[in-house]
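Chemist: If you want the building blocks of each chain, they are given just below.
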Amino acid sequence: MSKEIRIKRGFTIQIEGEADKSLMSSTFKIDSYAVKPTDFHGVRPKLLVEEGTVVKAGTPLFFDKADERIKITSPVSGVISAIVRGEKRVIEEIRITPDQQIQRIDFGKEALEGLTCCQIRTKLLESGLWACIRMRPFNVIANPDDKPKMIVVSAFDTAPLGADYDFAMYGQKENFQAGLDVLAKLTEAKVHLNVHEELTREDTFLSAKNVVINKFSGKHPTGNVGIQIHHLDPISKGEVVWFVNPQDVIIIGRLFLEGHLDMTKIVPMAGTELKRTGYHNIIAGACIKSLVEKSLISDANPRYISGNVLTGKKISLDGYLGFYDHSISVIPEGDYYEFMGWGMPGFEKFSFWRSFFSWVTPNSKYVLDTNFHGGERALIWTGQYEKVLPMDILPTQLLKACIVEDIDAMEQLGIYEVDAEDFALCEFIDPSKTEMQEIIRKGMDLVKQETS
Amino acid sequence: MLEMRFLRDFIDKIKPNFVKGGKLHWLHSTFDAFETLLFVPNKVTLKGSHIRDSIDSKRNMGIVLLALIPALLFGMWNVGVQHFLSHGVEATFWQEFFYGFWRVLPIVIVVYATGFIIEFVAAQLRGHEVHEGILVTGLLIPLLCPPTVPLWMVAVATAFAVIIGKEVFGGTGMNVWNPALIARAFLFFAYPGQMSGDGVWIRDKGDALTGATPLAEIQAGSLDIMSAQHMFVGLMPGSIGETSAIAILLGAAILLFTGVASFRIMFSVILGGLAMGGLLNLIGGENVWFQVPAYYHLLMGGFLFGAVFMATDPVTASQTGTGKWFYGFLIGVIAVLIRVFNPAYPEGMMLAILLMNTFAPLIDHYVINANKKRRLKRAQIVAEQT
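As you go down the protein sequences, you meet chains A and B in turn.
Counting from 99, one number per residue, gives the positions in the first sequence under our numbering.
Counting from 296, one number per residue, gives the positions in the second sequence under our numbering.
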């Protein structure tokens, strides 16, 4: 039942700027929130609000044209201040100016024992929290009609500058357990809670009930649910696995315990462009400006990232934390020229490879910026990507299948088992600077479109 | 840093001439090649991972060049040593080295000049960046040639290799065969008189030495060749870069430590050569080739050079991990087979690698299929259960 899985392949990016394990004071005032429909991959939004609409926490903002049951709701109460559209009138942001005191829609507080799985599902769909449940393959919002073979919660994050869930979720044991109970009752599938041998110490996770606890050990990308599923019970064509981020499990738990939507979570703010790092207690969709601004170092040239440095999205200082992102990273932009950079000994250049003399100091940490460090080339350095992709997948071949849009080959080579984030490390170490995450995402979209 | 600032300003000043619409736009690939050689670009990540490894293609090619330096320097020295030996003249180390240096340098210059002109034109026509592969190919070709090779021949061979061996396939990363070996094969078949025989391995040969390589001597039916230690050091007639096992192993150490070349390929080529050589020793026979100790095969001719620098070319080798083992092992086996059973020419490494370059995609095909089958089997079990 519960398994112990040791993952040997992987790589730790020695990046400086990890968030200090302290809660930052909550004196800042967030004057804008936003829901970004583009966060929900594959959802075609149909708006339910317009500028000036007054909303409460839990008021639906839009639904998915493909499945009207899937609604996305407002995380706070207030007034819709703007609907920002991008190219081809794609809705990019629905901005909300929050009230002083958050008003919440009452979704009812019945005891879980008295609810059927259908009622639980309806409650999640109505509150907008169904969006927290995503599925593999394709990494999109779960289809409420599917029967998943398991539901996975990864209780640790191995990504560089990622969250320490032990810290971020301290004191949330009750909500977390309630969330797990909801997931367990939602389908017939077992809920798997994956913990890390060294990183997970908290009782919240280790003594969770009503779940199968699997113990993992290893470096990044061990924390990716895709890697975990691959080692627990890989996905074949036609199978579906659901997964939920532990922070979202807490929010689901609160919905059932308190009867309303409270999307508060504690997220790390990390990176070397900040003089002070730490954890913020915020609501999903918050504008990062007031959180970040005062902590910036002087003469900063920052790249703001919603999420971690491998998989997050680039945002501006006025940008918002994404729905699925559980960290804020601020690292230096790398828009500089470097004289003969490729030819230097490289004592200070961090690399997976031992081409640079930084191998003499394997434990030192580095300030990493957004410079590309080279030009794009053909994908020729084979045989190395496997070292950072701990799956029975041939990365080069799968990427090539995606590039030539060969759906049969993609299926046969395991497109159902992977997500773009699993290729982030391959992308990082790649000397040919191929945009692998984008290639895999496009491949998954194509297969989804052709098979459904 | 002031000079660099100056250089950067200068580049920024002339850059507008080379962008689209500028009057020198037809030279933009050339400009870009020099600019990126001098300065790692200021390009930042826009999608995908926000941070990237410091490694790039240039660095990797630079490491390969570095790994070739010992073989190059030793080759230069050896050209001088063999020359003076064949005349029975005593010479100092520096006399020997500079004799070789001035004979080898023109070959290197001719190859680079030919290769670069074609690469720059190709990059310009195709509108892509100039790829660094030519830096490595351009140093490999001289090292594969006998020191007496005429310069015009090298130029023709280089042009053939770069155009027919690489560009027609779509440039670096798309070619089927190792371009440097294509150049070598072209020379070998087009001008056999200048590429084989006892006269070609020593520059301005005197009469004090026959000039035969160990392989040629065995081919002639004699097992009375130089000692293994002597061949390991590499002061013997042969192609410029191939003679010294010490110099090549130094390069191998650099390639393996930095992770630029595949250990699986290098190791399995050597294993394949030893296995085949050993098997022939066991069988025994009239032919003296059967009696050559297996490890001699590694030290003679281009075996080690091929194993370290040619077989490991990531473009033309097998791309799957398991495939690399088979690919390398078969190169070793076939190289020895050609040496032993082919009456026409004593060396088999070049043809073995080119042959396995051809079959590398087939090997990969089977490895990939095995991976697909595992997945298919699982899917069938799932389908049966539901």
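Treat the hints loosely; a few may be bogus.
[Said to hold, decoys possible] Each pair of labels, with its calculated beta carbon distance range:
#, chain 1, residue 1, chain 2, residue 2, range
1, B, 552, A, 397, 34 to 40 Å
2, B, 678, A, 142, 46 to 52 Å
3, A, 392, B, 552, 43 to 49 Å
4, B, 469, A, 315, 50 to 56 Å
5, B, 318, A, 142, 46 to 52 Å
6, B, 320, A, 463, 42 to 48 Å
7, B, 317, A, 336, 52 to 58 Å
8, B, 342, A, 301, 35 to 41 Å
9, B, 654, A, 397, 47 to 53 Å
10, A, 101, B, 523, 31 to 37 Å
11, B, 552, A, 503, 36 to 42 Å
[As the list claims (entries may be wrong)] In the SDA-like style, the derived pairs of lysine to any residue whose C-alpha atoms are separated by at most 25 Å in a straight line are:
#, chain 1, residue 1, chain 2, residue 2
12, A, 163, A, 216
13, A, 498, B, 465
14, A, 485, B, 620
15, B, 338, A, 124
16, A, 387, A, 540
17, A, 392, A, 124
18, B, 668, A, 331
19, B, 667, A, 112
20, A, 498, B, 468
21, A, 540, B, 423
22, A, 119, A, 299
23, B, 342, A, 464
24, B, 310, B, 468
25, A, 485, B, 423
26, A, 485, B, 419
Note that these hints are calculated values from the structure, not bench results.
Beta carbons: idealized from backbone N, C-alpha and C, even for Gly.
Chemist: Which earlier hints can't be squared with this structure?
Modeler: 2, 4, 9, 10, 15, 16, 19, 24, 25, 26
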